[in-house]
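As they're listed, the protein sequences go chains A and B.
Each step along the first sequence adds one to the number in the working numbering, with nothing skipped, and position 32 is 32.
Each step along the second sequence adds one to the number in the working numbering, with nothing skipped, and position 167 is 1167.
Any given hint might turn out to be false.
As the list claims (entries may be wrong) - List time: in silico DSS-like cross-link candidates among lysine-lysine, alpha-carbon distance up to 27 Å:
| # | chain 1 | residue 1 | chain 2 | residue 2 |
| --- | --- | --- | --- | --- |
| 1 | B | Lys1131 | A | Lys112 |
| 2 | A | Lys471 | A | Lys400 |
| 3 | A | Lys111 | B | Lys1102 |
| 4 | A | Lys281 | A | Lys153 |
| 5 | A | Lys358 | B | Lys1141 |
| 6 | A | Lys471 | B | Lys1102 |
| 7 | A | Lys347 | A | Lys297 |
| 8 | A | Lys46 | A | Lys199 |
| 9 | A | Lys471 | B | Lys1124 |
| 10 | B | Lys1184 | A | Lys426 |
| 11 | A | Lys75 | A | Lys111 |
| 12 | A | Lys471 | B | Lys1131 |
| 13 | B | Lys1232 | A | Lys426 |
| 14 | A | Lys46 | A | Lys142 |
| 15 | B | Lys1141 | A | Lys471 |
| 16 | A | Lys32 | A | Lys46 |
| 17 | A | Lys143 | A | Lys46 |
| 18 | B | Lys1184 | A | Lys112 |
| 19 | A | Lys297 | A | Lys368 |
| 20 | B | Lys1184 | B | Lys1131 |
| 21 | B | Lys1184 | B | Lys1232 |
| 22 | A | Lys281 | A | Lys75 |
| 23 | A | Lys297 | A | Lys281 |
| 24 | A | Lys167 | A | Lys347 |
| 25 | A | Lys111 | B | Lys1114 |
| 26 | B | Lys1141 | B | Lys1102 |
| 27 | B | Lys1153 | B | Lys1131 |
| 28 | B | Lys1114 | A | Lys426 |
| 29 | A | Lys75 | A | Lys58 |
Source of the hints: derived by calculation from the structure; they are not laboratory data.
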Amino acid sequence: MAAKQETAAAVRDVEQYKYGFVTDIESDKAPKGLSEDIIRFISAKKNEPDWMLEARLKAYRYWLTLAGEEPAWAKLTYPKIDYQASYYYAAPKQKLASMDEVDPKLLETYKKLGIPLAEQAVLAGVAVDAVFDSVSVATTYKKKLEEMGVIFKPISEAVHSHPELVKKYLGSVVPYTDNFFAALNAAVFTDGSFVYIPKGLRCPMELSTYFRINEKNTGQFERTLIIADEGAYVSYLEGCTAPMRDENQLHAAVVELITLDDAEIKYSTVQNWYPGDAEGKGGIYNFVTKRGACRGKNSKIMWTQVETGSAITWKYPSCILQGDNSVGEFYSVAITNNHQQADTGTKMIHLGANTRSKIISKGISAGKADNTYRGLVRIGAKADGARNYTQCDSLLIGDKCGAHTVPYIESRNPTAQTEHEATTSKISEDQLFYCQQRGMTEEEAVSLIVNGFCREVLQTLPMEFAVEAQKLVGISLEGSVG
Amino acid sequence: MALLEIKNLHVSVGGKKILNGISLALNAGEVHAIMGPNGTGKSTLSNVIAGRDGYEVTEGQVLLDGRDVLAMAADERARAGVFLAFQYPVEIPGVTTSAFLKTAINAKRRAEGKPEIDAMEFLKLVKAKQKILGMPDDMIKRALNVGFSGGEKKRAEVLQMTLLEPRVAILDETDSGLDIDALKIVSEGVNTLRSPERAFLIITHYQRLLNYIVPDHVHVLVGGKVVASGGKELAEQLEAEGYARYLSAA
Chain A
1 MAAKQETAAA
11 VRDVEQYKYG
21 FVTDIESDKA
31 PKGLSEDIIR
41 FISAKKNEPD
51 WMLEARLKAY
61 RYWLTLAGEE
71 PAWAKLTYPK
81 IDYQASYYYA
91 APKQKLASMD
101 EVDPKLLETY
111 KKLGIPLAEQ
121 AVLAGVAVDA
131 VFDSVSVATT
141 YKKKLEEMGV
151 IFKPISEAVH
161 SHPELVKKYL
171 GSVVPYTDNF
181 FAALNAAVFT
191 DGSFVYIPKG
201 LRCPMELSTY
211 FRINEKNTGQ
221 FERTLIIADE
231 GAYVSYLEGC
241 TAPMRDENQL
251 HAAVVELITL
261 DDAEIKYSTV
271 QNWYPGDAEG
281 KGGIYNFVTK
291 RGACRGKNSK
301 IMWTQVETGS
311 AITWKYPSCI
321 LQGDNSVGEF
331 YSVAITNNHQ
341 QADTGTKMIH
351 LGANTRSKII
361 SKGISAGKAD
371 NTYRGLVRIG
381 AKADGARNYT
391 QCDSLLIGDK
401 CGAHTVPYIE
411 SRNPTAQTEH
421 EATTSKISED
431 QLFYCQQRGM
441 TEEEAVSLIV
451 NGFCREVLQT
461 LPMEFAVEAQ
471 KLVGISLEGS
481 VG
Chain B
1001 MALLEIKNLH
1011 VSVGGKKILN
1021 GISLALNAGE
1031 VHAIMGPNGT
1041 GKSTLSNVIA
1051 GRDGYEVTEG
1061 QVLLDGRDVL
1071 AMAADERARA
1081 GVFLAFQYPV
1091 EIPGVTTSAF
1101 LKTAINAKRR
1111 AEGKPEIDAM
1121 EFLKLVKAKQ
1131 KILGMPDDMI
1141 KRALNVGFSG
1151 GEKKRAEVLQ
1161 MTLLEPRVAI
1171 LDETDSGLDI
1181 DALKIVSEGV
1191 NTLRSPERAF
1201 LIITHYQRLL
1211 NYIVPDHVHV
1221 LVGGKVVASG
1231 GKELAEQLEA
1241 EGYARYLSAA
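One chain only, chain B, in its complex shape:
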């Protein structure tokens, strides 16, 4: 059984059809990339899996380990192991990154029937992970995402992902707004998380990110449908030729 299975997913927003029957199966240990031009429903797909309000699923299913994801509230999905690295991470004034991380970790631990994390253990853990991502120690004392640069925000997203150890991680345009150094660091962070128990869904407009996070499968999304699937060579081909071929076909 696939870890995450999307079956014939149809989604509308405000009566307008955005996704027109998407089917994907992500096995544990795999990295799938979804590529496509702007406005083809890439972000809609990630939001629907994560459970954001405002999307109407008119047909189809999303299953995590065979469980009906669409029947769960957003926070339940998160605790079940669905993680979304946001394209635009949200600012939360006055809430330190440290307080936020601790609350999130404890929410997960509670769901697993574990006691709250010890303060010292928490600091040690966060420091170690921050080091991997090239983040200064005192960054967790700052209010979450407030006044963060584009690169800092994306690193903070990957830090959260590292600490929450999800089953399925969705990266929504994580490469946008990153310079090449930040891109390398963020990619390394993601690569250290690759494991036989975990699947990744990487949503991107450009092939650039996929040079650093090499996918097992690449899917082309146009007009709310997967129009082509292949290996990593498909990404390279898209980089060379663009989406024109698929656009005219759609």
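If we strip away everything but chain A, and leave its shape as in the complex, we get:
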């Protein structure tokens, strides 16, 4: 009852909103800007319990104390973001009436990626009447997963169905105080995935946000929480090789992973948000906080990311290796072309004894783009026998782009071993001519050479993702040579 009164109060407050926001709880869209009222509105829309609203408000108040000071240490240049100019709540996007309304360039890309027509429509945001294959397949799988005890649902539903798990783990790896964007996300997150794998279960299929693609509008402030209980295993796929339509420029997602004793999570991402045009106009700003905690002994977290989209990428999927003998791995391909900027890498925090980590980073820069690897390997005093291996390779295409490597290594334990290798190379004229002499076009040649450069990382992707990712690598670099 109390919640209902609060909601009513929130709605009243909203009505007097200084931007002239006059609406009611049935409205599909909150006005521009961020305030406590907007947060109450979001929470009310989702019918959230009080504790969730409180958590949001706490995060928001903390965010306010940061006074708009975004982290300034990344090698990124972009105009100041006006947080009052963004929308923080919108019901699912207006669908386009038919494929004729879709940008032909987008369709061309889908075709190159080999995406079936029915899925193209969904990705492009066209209203589809018929229930098409992947949705019905997804429903079948969901039922099977439920029978096994796997919880895989939107986090907005988990808040209601499994409050004990959400309360215990949400914010436990990435607290709202962690950074500017994490605080923002904790205050306004719209939705995301919640996964719980019960003790001893090896999840027999890859879990994918792709299955939920047409269900919810989760793109902008996504919040994901994955828990693998003792001895459990899951492979999770996020994102999609196909470029997706999105009107929102600012994206700030948070992903938290937790593994208990002997558990393993494999998290793979393909990010292909709109990168802006060739002149650097438009494009998504992607500020993501992804972190996993290997809480249990012998547990493992493996991140694989293929980052080809967005105008700005700020992202450091990390592992906190708390449990003894736990393992963290990070495999990354980051491609920047035209005016794209990426500052990405990882943090491996070794706390437990005999913890091991491996970092393989491949940065490809073309056009006028800047690509930075930024990584931290920290070995705590108690992490006896900890080991890290880091390899950072950069590939430059053309002479107007930049590649930067910023590795930090901090060791407080004399028994620990860390290794760091780094290379920077260019696609040579000789390599291009050699491929062309065998009949390949320049674009085919670049795609082939870059795929070779990334092979070690692409191999860690699940099969269904890997093939599309290979094509995507080529497509992202189109027009980068000559």
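Dock chain B against the given chain A, drawing on the hints supplied.
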């Protein structure tokens, strides 16, 4: 009409004249050898035909079946049937020989309006050709030319040539860096490709290779010009006497 016709070809590199009016006509089914001392423009000739950047053609023509080769981009020339076996094959890290071969074969098939090659068909084809060249099956799993020995690189070149079935094959110093066993195997590979539809241009410093790939015509290139042409006996004569006679004349 000759299959490949080079007419009065003049080429400069960085303002320096390298080729001074070369004319050659290769008929289908013929093997021509170009011999000459170092630095006379042998590799320039092969690079210009294949379309490498950095060469300025100041005069002359190269025609393939009467088509203007010099007007085509390097990849178009390749798809039209010009193949160059490189003197120094290029390493491509991370790209398996198999992936490279498949991409090349499919580029050609696309140009011919054929569908992409089936994975099983591809493996069967490559295995059969590898066997002829005495290459182990798993060699195609290795990154192309990375860590290959000199002999392995040259075999890989001939393997590519075998799979791409060019109209005109240019072998640029394919014998360099080969021991006698590898030389025999590579030569056999080339000989099986000799056919009435195909022409070869074999560029070499030594006569040794020509004992195994017997040419129909031998040309001596000195100072960017063909100074003598003849049959295979010309190669033998060069082996005995050296290039001194032509050098003093030039």
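Cross-check of the supplied hints:
no.	hint	result
1	B:Lys1131 / A:Lys112	36 Å, violated
2	A:Lys471 / A:Lys400	25 Å, holds
3	A:Lys111 / B:Lys1102	21 Å, holds
4	A:Lys281 / A:Lys153	36 Å, violated
5	A:Lys358 / B:Lys1141	25 Å, holds
6	A:Lys471 / B:Lys1102	15 Å, holds
7	A:Lys347 / A:Lys297	19 Å, holds
8	A:Lys46 / A:Lys199	30 Å, violated
9	A:Lys471 / B:Lys1124	25 Å, holds
10	B:Lys1184 / A:Lys426	37 Å, violated
11	A:Lys75 / A:Lys111	35 Å, violated
12	A:Lys471 / B:Lys1131	32 Å, violated
13	B:Lys1232 / A:Lys426	44 Å, violated
14	A:Lys46 / A:Lys142	22 Å, holds
15	B:Lys1141 / A:Lys471	20 Å, holds
16	A:Lys32 / A:Lys46	19 Å, holds
17	A:Lys143 / A:Lys46	24 Å, holds
18	B:Lys1184 / A:Lys112	44 Å, violated
19	A:Lys297 / A:Lys368	45 Å, violated
20	B:Lys1184 / B:Lys1131	14 Å, holds
21	B:Lys1184 / B:Lys1232	18 Å, holds
22	A:Lys281 / A:Lys75	19 Å, holds
23	A:Lys297 / A:Lys281	48 Å, violated
24	A:Lys167 / A:Lys347	25 Å, holds
25	A:Lys111 / B:Lys1114	19 Å, holds
26	B:Lys1141 / B:Lys1102	12 Å, holds
27	B:Lys1153 / B:Lys1131	16 Å, holds
28	B:Lys1114 / A:Lys426	34 Å, violated
29	A:Lys75 / A:Lys58	30 Å, violated
Figure legend: structure checked against the earlier numbered hints; hints not met, in rising order: 1, 4, 8, 10, 11, 12, 13, 18, 19, 23, 28, 29.
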